[in-house]
Amino acid sequence: MAWIDKQKNILDFTLSSLLRRKGKNAALVCVYTVVVFVLASIMFFTHAIKKEAMIILKDAPEVLVQRMVAGRHDLIDMKYADEIKKITGVTSAEGRLWGYYYDPLFRANYTLMVPPEFKYQQGEIAVGQGVSRSAVTEEGNIMPFFGMDGKLTSFRIRELLSSESELVTSDLVIMSEQDFRELFGIPKNRVTDLAVTVGNPQEVVTIANKIKKQFPDTRPIIREEIIRTYDTLFDWRSGIMLVVFSGALLAFIIFSWDKASGLSAEERKEIGILKATGWETADVILMKFWEGTVISLTSFLTGMIFAYVHVFFSSAALFEPVLKGWAVLYPQFRLVPYINAYQVATLFFLTVVPYTTATIVPTWRAAIVDPDSVMRT
Amino acid sequence: MIYLAVVFVQSAIAAVLAVHAMTAIKAAGPRLERENSVVSDLKLTDLCLFTEARYTRHPAMADRNTAFQDYPFSFEHFPSGSLIPVPEIVRK
Chain D
1 MAWIDKQKNI LDFTLSSLLR RKGKNAALVC VYTVVVFVLA SIMFFTHAIK
51 KEAMIILKDA PEVLVQRMVA GRHDLIDMKY ADEIKKITGV TSAEGRLWGY
101 YYDPLFRANY TLMVPPEFKY QQGEIAVGQG VSRSAVTEEG NIMPFFGMDG
151 KLTSFRIREL LSSESELVTS DLVIMSEQDF RELFGIPKNR VTDLAVTVGN
201 PQEVVTIANK IKKQFPDTRP IIREEIIRTY DTLFDWRSGI MLVVFSGALL
251 AFIIFSWDKA SGLSAEERKE IGILKATGWE TADVILMKFW EGTVISLTSF
301 LTGMIFAYVH VFFSSAALFE PVLKGWAVLY PQFRLVPYIN AYQVATLFFL
351 TVVPYTTATI VPTWRAAIVD PDSVMRT
Chain B
1001 MIYLAVVFVQ SAIAAVLAVH AMTAIKAAGP RLERENSVVS DLKLTDLCLF
1051 TEARYTRHPA MADRNTAFQD YPFSFEHFPS GSLIPVPEIV RK
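From first to last, the protein sequence lines stand for chains D and B. The first sequence begins at 1 in our numbering and counts up one residue at a time. The second sequence begins at 1001 in our numbering and counts up one residue at a time.
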């Protein structure tokens, strides 16, 4: 009980001491909060999107086979599929038809795709929510596309793809195989790439290697590589945001180190008076420990709360200009708040612990000096 | 006392947000399953995040030898390229 009372009294004194220099300390808390907010926002966003990508793409095709011509992805003949099907362990090899279309009217890029089973008629399409927003169109409307011959072909929109799946379907235009081939002039025996299904998941790599060996002009991409791409894509350590921000972080570290380690004359005098009035060195260090804790814990909690609200309630509104880039189509989505406890702990130990400990060493130095000489300086 | 009250309020908000995160993850399950089936049905490979270029729209499908594929050794000129690095699949 006595110990708690002592801590309470020291904390009371620390807070009144902080309030005497409220301008300086308030500025420190603000900067500290912003630093934690930006770092936590980046960490929350990247972790959540990585996790979501991993979950959503876990049913992507097991192996995709692209044909490469002069280092570029080219159309592949369906006879490759017939040969791949003969490889032991391969369950199926289906052609995928997809490509890009730049809409000069709305200056947007769409992904045109033929699904394995198209439920509408020729001349009809299903479009993603992003396409609908960008082209200001809705179900039942007509949407024109310029074909490879320059002629305009109109399609009737039969369905708007669900807004729930916008993270994967926002820019999609789904059409029949015949429409796709006519629009782009793709011969009947050719497809964009092949989606290969393997019976035993453990054989995927072996089969990909076999395909590569049998068809040296192809490039098999396995599902794990797709998922790994997204894992590294949003690695929070990479990316310009963190590079730019590392400058600000460094400035903050120097600022806080200077603030924490270099005691002002006023603070030295205060320590001298405390010692002269009977405070032990341990009590003075405890007071400074509480001071560091008050500042860093307040900033840490505030920064984390703001970061959570920013990323998961406002869909990372501050990052949107960077994320949108030059894209006209940008999906509207709300991330699932997957929070990695390890990252939160890392952020805590990177921000709260160094600042708190940095306040203790100079205080100990000042506290072990004779109070009389400290007060005279 | 006021400070302790502030810390208590902050901790309470953090706890509420933690509970929110847990319930939101649970609630998102069916939606993610539906998204999964869309990916499976349409045989999709990538997230539709950056639509300005084919290597940002489909990073997993990007050509291996030309990271920024407008022309060899071209500099990345889209803002999203400053956010995402060259995919590992290309670096390999």
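It is worth saying that the hints were derived from the structure and are not from the lab. Keep in mind that the hints are not guaranteed to be accurate.
Below, computed lysine-lysine pairings styled on DSS-like, alpha-carbon distance capped at 27 Å [stated by the list, open to error]: (1) K1026(B) with K1043(B); (2) K85(D) with K6(D); (3) K58(D) with K151(D); (4) K24(D) with K1026(B); (5) K79(D) with K151(D); (6) K6(D) with K58(D); (7) K79(D) with K213(D); (8) K86(D) with K212(D); (9) K1043(B) with K188(D); (10) K119(D) with K24(D); (11) K1026(B) with K51(D); (12) K79(D) with K1026(B); (13) K8(D) with K1043(B); (14) K1026(B) with K210(D); (15) K22(D) with K86(D); (16) K1043(B) with K119(D); (17) K213(D) with K1043(B); (18) K212(D) with K1026(B); (19) K151(D) with K119(D); (20) K1043(B) with K6(D); (21) K58(D) with K85(D); (22) K1026(B) with K85(D); (23) K24(D) with K50(D); (24) K269(D) with K85(D); (25) K86(D) with K1026(B); (26) K6(D) with K1026(B); (27) K1043(B) with K24(D).
Each hint, compared with the structure:
The suggested pairing of K1026(B) with K1043(B) holds, with an alpha-carbon distance near 26 Å, which does not exceed 27 Å. Proximity of K85(D) to K6(D) is assessed by CA-CA distance (about 78 Å); at most 27 Å being required, the pair is judged violated. A threshold of 27 Å between alpha carbons decides the hint, and for K58(D) with K151(D) the separation of about 39 Å lies outside it, so the pair is violated. Among the hinted pairs, K24(D) with K1026(B) is inconsistent with the structure: their alpha-carbon atoms are about 44 Å apart, more than 27 Å.
For the hint pairing K79(D) with K151(D), the CA-to-CA distance comes to about 31 Å; that exceeds 27 Å, so the pair is violated. Our distance criterion of 27 Å between C-alpha atoms is broken by K6(D) and K58(D), whose separation comes to about 56 Å. Proposed proximity of K79(D) and K213(D) is supported: the alpha carbons are some 16 Å apart, at most 27 Å. Restraint check for K86(D) and K212(D): the C-alpha separation of about 14 Å stays at or below 27 Å, so the hint holds.
With a CA separation close to 20 Å, the supplied pair K1043(B) and K188(D) stays within the 27 Å bound. Proposed proximity of K119(D) and K24(D) is contradicted: the alpha carbons are some 67 Å apart, above 27 Å. In summary, the hint linking K1026(B) to K51(D) is supported, as the alpha carbons are separated by about 14 Å, within the 27 Å threshold. In summary, the hint linking K79(D) to K1026(B) is not supported, as the alpha carbons are separated by about 45 Å, beyond the 27 Å threshold.
Between K8(D) and K1043(B) the alpha-carbon distance is near 62 Å, which puts this suggested pair outside the 27 Å criterion. With a CA separation close to 41 Å, the supplied pair K1026(B) and K210(D) exceeds the 27 Å bound. Between K22(D) and K86(D) the alpha-carbon distance is near 77 Å, which puts this suggested pair outside the 27 Å criterion. Annotation: proposed proximity of K1043(B) to K119(D) holds, straight-line Cα distance about 16 Å (limit 27 Å).
For the given pair, K213(D) sits about 25 Å from K1043(B) by alpha-carbon distance, which is consistent with the 27 Å threshold. The hinted pair formed by K212(D) and K1026(B) fails the criterion: a straight-line CA distance of about 41 Å is larger than 27 Å. About 26 Å separates the Cα atoms of K151(D) and K119(D), which keeps this hinted pair within 27 Å; it holds. Pair hint K1043(B) plus K6(D) does not hold up; C-alpha atoms about 66 Å apart against a cutoff of 27 Å.
For a cut-off of 27 Å, the pair hint linking K58(D) to K85(D) stands: about 23 Å separates their Cα positions. Between K1026(B) and K85(D) the CA atoms are separated by roughly 40 Å; this puts the pair beyond 27 Å, and the hint is violated. This hinted pair does not check out: K24(D) and K50(D) have alpha carbons roughly 39 Å apart, beyond 27 Å. Proximity of K269(D) to K85(D) is assessed by CA-CA distance (about 84 Å); at most 27 Å being required, the pair is judged violated.
Distance restraint check for K86(D) and K1026(B): the Cα-Cα separation of roughly 43 Å exceeds the 27 Å cut-off, and the hinted pair is therefore not satisfied. Straight-line distance between C-alpha atoms of K6(D) and K1026(B) comes to about 45 Å, which puts the hinted pair past the 27 Å bound. A threshold of 27 Å between alpha carbons decides the hint, and for K1043(B) with K24(D) the separation of about 58 Å lies outside it, so the pair is violated.
Hints 2, 3, 4, 5, 6, 10, 12, 13, 14, 15, 18, 20, 22, 23, 24, 25, 26 and 27, counting from the list given before, are not met by this structure.
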